[in-house]
Every structure is written in structure tokens, then in C-alpha cells.
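J.: So the sequences go chain by chain: A and B.
Residues in the first sequence are numbered from 1 upward in steps of one, following the numbering used here.
Residues in the second sequence are numbered from 313 upward in steps of one, following the numbering used here.
Just so you know, these hints were derived from the structure itself, not from any lab.
The structure displayed is predicted, hence computed values, not measured ones.
Wrong hints could be hidden among the right ones.
[Said to hold, decoys possible] Distance windows between CB atoms, simulated: (1) 529(B) with 73(A): 51 to 59 Å; (2) 286(A) with 388(B): 52 to 60 Å; (3) 89(A) with 433(B): 47 to 55 Å.
[Said to hold, decoys possible] According to the in silico footprint, chain B covers these stretches of chain A (three or more CB under 8 Å from chain B): (4) 78 to 90; (5) 142 to 154; (6) 283 to 292.
Glycine included, every Cβ here is placed at the ideal spot set by N, Cα and C.
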Amino acid sequence: MTAFLQLDLPALIGASFAALSCALVGNFLVLTRRAMVSDALSHVMLPGVLAAFMLTGTTAVVAMLAGGVGAALVAVGLVSFLIRTAKVEPSAALGVVFTTLFAAGVLAMEQSGIARTAFDVHHVITGNLEALVWPTATGIGSLFSLSELAEMPRALGRLAAILLLVAAIVALAQKELALVAFDPDFARASGLPVGALDLLLLVATALASVAAFESVGVVLAVAMIVCPPATARLFTQTLPAQIRLSCALALLSVFLGYAVATLGPQALGYDIALNAAGMIGAVSGLMFGAAVMYRSRTLARLSGRETLSLSS
Amino acid sequence: MLAPSPELDRAALIEADEPRLLVEGLSVAYDGRLAIEDVTWRPPVSGLVAIVGPNGAGKSTLMKAILGLVPAAAGTVAVEGRSVEQARDRLAYVPQRAAVDWEFPATATDVVLQGMIRRVGWLRPYGRRRREEARALLAEVGLAEFADRQIGALSGGQQQRVFLARGLARAADILLFDEPLTGVDAASEKIILDALDDQRAQGRLVVCIHHDLSTVADRFDHVLVLNRRVVAAGPTDTAFTAAALARAYGVPLSL
Numbered sequence: 001m002t003a004f005l006q007l008d009l010p011a012l013i014g015a016s017f018a019a020l021s022c023a024l025v026g027n028f029l030v031l032t033r034r035a036m037v038s039d040a041l042s043h044v045m046l047p048g049v050l051a052a053f054m055l056t057g058t059t060a061v062v063a064m065l066a067g068g069v070g071a072a073l074v075a076v077g078l079v080s081f082l083i084r085t086a087k088v089e090p091s092a093a094l095g096v097v098f099t100t101l102f103a104a105g106v107l108a109m110e111q112s113g114i115a116r117t118a119f120d121v122h123h124v125i126t127g128n129l130e131a132l133v134w135p136t137a138t139g140i141g142s143l144f145s146l147s148e149l150a151e152m153p154r155a156l157g158r159l160a161a162i163l164l165l166v167a168a169i170v171a172l173a174q175k176e177l178a179l180v181a182f183d184p185d186f187a188r189a190s191g192l193p194v195g196a197l198d199l200l201l202l203v204a205t206a207l208a209s210v211a212a213f214e215s216v217g218v219v220l221a222v223a224m225i226v227c228p229p230a231t232a233r234l235f236t237q238t239l240p241a242q243i244r245l246s247c248a249l250a251l252l253s254v255f256l257g258y259a260v261a262t263l264g265p266q267a268l269g270y271d272i273a274l275n276a277a278g279m280i281g282a283v284s285g286l287m288f289g290a291a292v293m294y295r296s297r298t299l300a301r302l303s304g305r306e307t308l309s310l311s312s
Numbered sequence: 313m314l315a316p317s318p319e320l321d322r323a324a325l326i327e328a329d330e331p332r333l334l335v336e337g338l339s340v341a342y343d344g345r346l347a348i349e350d351v352t353w354r355p356p357v358s359g360l361v362a363i364v365g366p367n368g369a370g371k372s373t374l375m376k377a378i379l380g381l382v383p384a385a386a387g388t389v390a391v392e393g394r395s396v397e398q399a400r401d402r403l404a405y406v407p408q409r410a411a412v413d414w415e416f417p418a419t420a421t422d423v424v425l426q427g428m429i430r431r432v433g434w435l436r437p438y439g440r441r442r443r444e445e446a447r448a449l450l451a452e453v454g455l456a457e458f459a460d461r462q463i464g465a466l467s468g469g470q471q472q473r474v475f476l477a478r479g480l481a482r483a484a485d486i487l488l489f490d491e492p493l494t495g496v497d498a499a500s501e502k503i504i505l506d507a508l509d510d511q512r513a514q515g516r517l518v519v520c521i522h523h524d525l526s527t528v529a530d531r532f533d534h535v536l537v538l539n540r541r542v543v544a545a546g547p548t549d550t551a552f553t554a555a556a557l558a559r560a561y562g563v564p565l566s567l
């Protein structure tokens with residue numbers, strides 16, 4: 001029990017907060033067919049967060065968020081400049097901007113020596129869930145002791161703050177974001193500030209990407225943003241239902257993926273642990289794959305029945 | 313709301329003979345090519361108006377430019393003497409059905425509620441009263457039993473009626489429809505045309521981009537014949553002529 005509290009509980013909480021933040025914004029990105037934007041944004045988090053760290057010398061939540069959101073805005077500005085002024089094809093513009101900024105981030109990190117202190121390329125890419133530990137936990141009683149809870153990893157506080165912000169944005173602007181996703185022309189004609197709402201969604205996406213950056217890494221951010229909402233979309237008829245199911249699937253991926261990574265090898269007799277973040281991403285991808293297969297089978301069965309009833 | 317009641321406003325408008333909608337010298341360019349050029353148009357204060365013209369004549373572009381959805385290269389649009397941005401609540405837009413993804417996770421009621429988004433305000437859900445209002449509008453267009461159906465499971469005509477109900481939910485005095493009768497069955501066409509007649513009877517201005525030239529003379533009071541420029545505009549019996557159509561479409565057409 002103590003080992004679970006010390007090693008597993010903080011990682012599970014952190015991954016859950018990040019996965020929920022990602023899934024919430026992912027619902028709107030998937031509906032507007034902009035899932036790849038999240039991939040781009042999660043990559044530009046690296047130079048953004050790095051710049052914030054270099055300027056302020058801290059990994060405080062405000063600095064990290066400002067760096068991440070700032071980088072997202074710079075990247076989006078560059079992309080739209082390339083599309084509008086230089087007439088570059090949109091997906092090419094997106095690809096060029098985010099890989100270049102990410103590469104610049106990696107170089108700056110290695111050269112500046114920060115890599116040995118607060119950041120590490122490996123952790124940036126595949127996450128650092130294993131670093132979320134609670135060494136002072138002594139037993140179940142620790143959960144009820146304020147002084148001991150205060151020793152929980154700082155990152156959990158940041159992840160909780162991000163989740164609260166993202167959830168507030170999605171809850172308070174849900175009908176507006178939904179209308180802009182469904183019919184932007186009608187939204188604008190009705191007098192909604194469509195540009196500002198797009199920006200709000202961009203900021204929420206940048207926030208979720210910072211959360212992913214802190215826990216599962218930039219490469220898996222897109223898995224956490226896209227897979228649960230895309231899976232939920234296959235099984236739901238209304239947006240609130242899709243959002244609820246995507247959150248449930250995000251949590252399921254976290255717990256299942258973490259369990260497989262930590263318990264799986266032992267159960268098979270190997271004395272190793274798999275990368276938890278990688279396994280969480282893999283599980284969410286497999287879930288989507290299974291959902292697609294289930295759906296296409298159901299559809300095939302339904303259309304098969306139709307053919308039969310027509311021929312009889 | 314700052315604006316006085318619609319009834320008073322309408323009376324004042326007719327008295328002052330101020331145009332409800334006034335388009336002056338409007339041009340729109342796409343990639344350096346003019347999609348519409350120097351369009352000056354003053355539709356009547358109320359009634360049913362058809363915009364006709366060949367494919368590529370700029371009919372949708374004109375409607376979007378009136379609504380401020382595409383930037384104008386030149387010219388102005390005035391709604392009751394004000395700019396479009398200041399008069400958003402006087403306008404209802406019903407886009408082409410093909411403009412949206414009908415697989416979107418929403419029910420017919422959800423879509424009609426979108427028409428009330430400005431009346432509900434920020435940070436709040438639509439609420440029970442608005443839901444009932446949306447259901448009543450769906451019943452008006454014959455879709456009471458489809459209120460909770462996902463919109464992708466509706467037929468093309470039913471989807472167009474959902475869009476109509478959403479437009480009516482705007483409670484606006486100027487309604488702009490982009491091809492409301494394209495790809496709909498006879499039952500939907502009758503329901504939609506009756507609803508448009510009803511709006512006209514309430515003193516509203518209803519503008520439709522329309523493809524079926526054979527129904528223009530019967531159904532519409534006014535017409536704008538467009539082919540990038542204004543070819544003819546005015547009451548249907550004077551403006552909707554074989555000569556105007558021949559000039560717009562480039563081939564002689566019988567009426």
C-alpha cells in the first residue's frame with residue numbers, strides 16, 4: 001500500500017489530470033477536423049516552455065503556461081503568415097513551422113545545459129510520469145494529513161490548475177464553441193465573435209498541451225487529445241454525451257495503460273517496468289482501433305441485413 | 313435591447329421610406345478576380361424576393377457580402393441605415409444545407425437552439441424554456457416527432473426544414489436564404505414555401521437564392537437577376553423578363 005501511495009498514486013493522478021484536459025479540448029478539435037493542430041501545438045510547447053524557463057529561471061505554473069501559450073500564438077501567427085502571404089499549402093505550413101520550432105527547442109536545450117537540470121529530451125518526448133513520486137507517504141493516513149499532502153509533487157498542482165482552466169473554458173463557452181465548430185458562417189452572421197472563440201480554443205489547446213508536456217510528453221499529447229474524443233464520437237449522438245464518454249475513455253486509458261505498464265511484465269515473470277506514458281498512449285490508440293472495427297462490423301451487418309431484406 | 317419594438321420600427325420605416333436593406337456599389341474579389349462587381353440593389357421593405365442567375369454569377373457571394381462574411385473590395389451595405397455589424401439581430405441567415413457536416417453530434421432541437429444563441433447570452437446553457445421554444449418551431453415546420461433525432465438521420469428536406477426553423481428562431485426582420493429549395497422533396501418544398509409566405513404576411517423581408525425559374529413568377533414578389541453585375545431588379549412582373557434572363561444566362565430561356 002505504501003509503495004502504491006509513494007510511486008503509483010501521484011503518477012495516476014497526474015496522468016488523469018492531463019488526459020482529461022486533453023480529451024476536453026480534443027472534442028472540439030476532432031469535430032472541426034483540426035486534430036493535427038494539436039500535434040503542432042504540443043511540439044511548439046518545448047521552445048515555449050524552455051524560453052519561459054530561461055527568462056524566469058523557474059518552472060512555476062504561470063511561467064510555464066505563459067511560455068506554452070505564447071509559443072502556440074507565435075506558431076499560429078507564423079502558420080497563417082505562410083498560408084496567407086506566402087501562399088504555402090496549409091498542412092505544409094503547419095509541418096514546417098512546428099518541426100522547425102521543436103528542433104530549435106531541442107538544440108537550445110542541449111546547448112544551454114538546461115538539459116541536466118529541469119528538462120531532458122527523453123522526458124520531453126515520452127513523458128516523465130515515473131518522476132511523479134510522493135516519498136513521504138507512509139500509509140493510508142497520509143491521504144488525510146495536510147502536511148503530508150503538501151509534499152505531493154508540485155507538478156500535480158500545475159496539472160490540476162490546467163484541468164480546472166480547461167474545464168471552465170469548455171463548460172462556460174460550450175454552446176458558442178459548438179456552434180462555431182458546426183457552422184462558423186451562421187455563428188458570425190449571428191454576431192458571435194468567431195475569431196475570439198477560435199483563439200479561446202487555441203489557448204485551451206495550448207493549456208492541454210502544457211499538461212501533456214508535464215506528464216506524458218509531447219509525442220503522446222496528440223494521442224490523448226485525439227483518441228478518446230474520436231472514439232467517443234463513434235458512439236454518441238450529442239455533444240455533451242460525446243464529451244462525457246471521451247472523459248471516461250481518457251481515464252480508462254490512463255488506468256489500463258498504467259496497470260499494463262507496471263504490472264504486466266511482472267505478471268509474465270520479467271523484472272522490468274514498461275514506459276507508462278507510452279502504454280497509456282498505446283491503449284488509447286488500441287481503444288480507437290477496436291471501436292472502429294466494432295463499428296464497421298456493425299455497419300456491415302446492418303447493410304448486409306438491408307441487402308437481404310431487399311432481395312427477399 | 314436598445315432597439316424599439318419591431319412593430320413600431322416597421323411603421324417608422326415605412327413612413328420614412330427608409331430602405332430595410334440597401335446595397336451600394338458592392339464588389340467582392342476572390343484571388344484578384346471580381347466575383348461580383350458594382351452591385352447596387354434596394355430590395356423592398358417587405359415581401360418575398362428571389363435572387364436568380366447562372367452558376368458562378370456570385371449569388372452566394374452577394375449574400376455573404378451582405379452579411380459581412382466575405383470582405384468587400386468596394387461598396388457598402390446598410391441595414392435600416394446602420395452597418396451590418398450594428399444590425400446583426402435584424403438579420404437571419406440560412407446557409408446552404410451542404411455548408412455543414414450533418415454527422416455532427418447534435419439533435420434537431422440542438423440546431424434550432426443555435427438560432428437563439430444571442431438571446432441566451434454568454435456562460436449560460438440554453439435552458440428549458442428555450443428548448444420548448446425550439447420544439448414549437450420544429451412543430452411549425454412539421455418536425456415535432458424528429459426533435460430528438462440526430463441530424464444526420466434526417467432526410468435532405470427535413471434537414472433543410474431544421475435550418476429554416478433555426479433561421480426563424482433568430483426572430484429577425486430580414487431573412488436571407490441560400491437555396492432553401494435545392495434537393496428537397498415536394499412535401500418539404502410546400503412546408504418551406506408556406507413558412508416563407510407566413511413571414512411575408514408578418515411584414516418581413518425574405519430573400520432567397522433560387523434556382524427553379526419556373527416558380528419565380530408564381531411565388532416571388534420581387535426579383536434580382538444577377539450575373540456578377542445586376543442584370544435586372546424590381547417587381548417580378550416587370551424585372552423577370554425573357555430579355556433579362558437571356559442576358560444573364562447567355563441563352564434564350566422560355567418563361
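J.: Which hints, by number, does the structure contradict?
T.: 3, 4, 5 and 6
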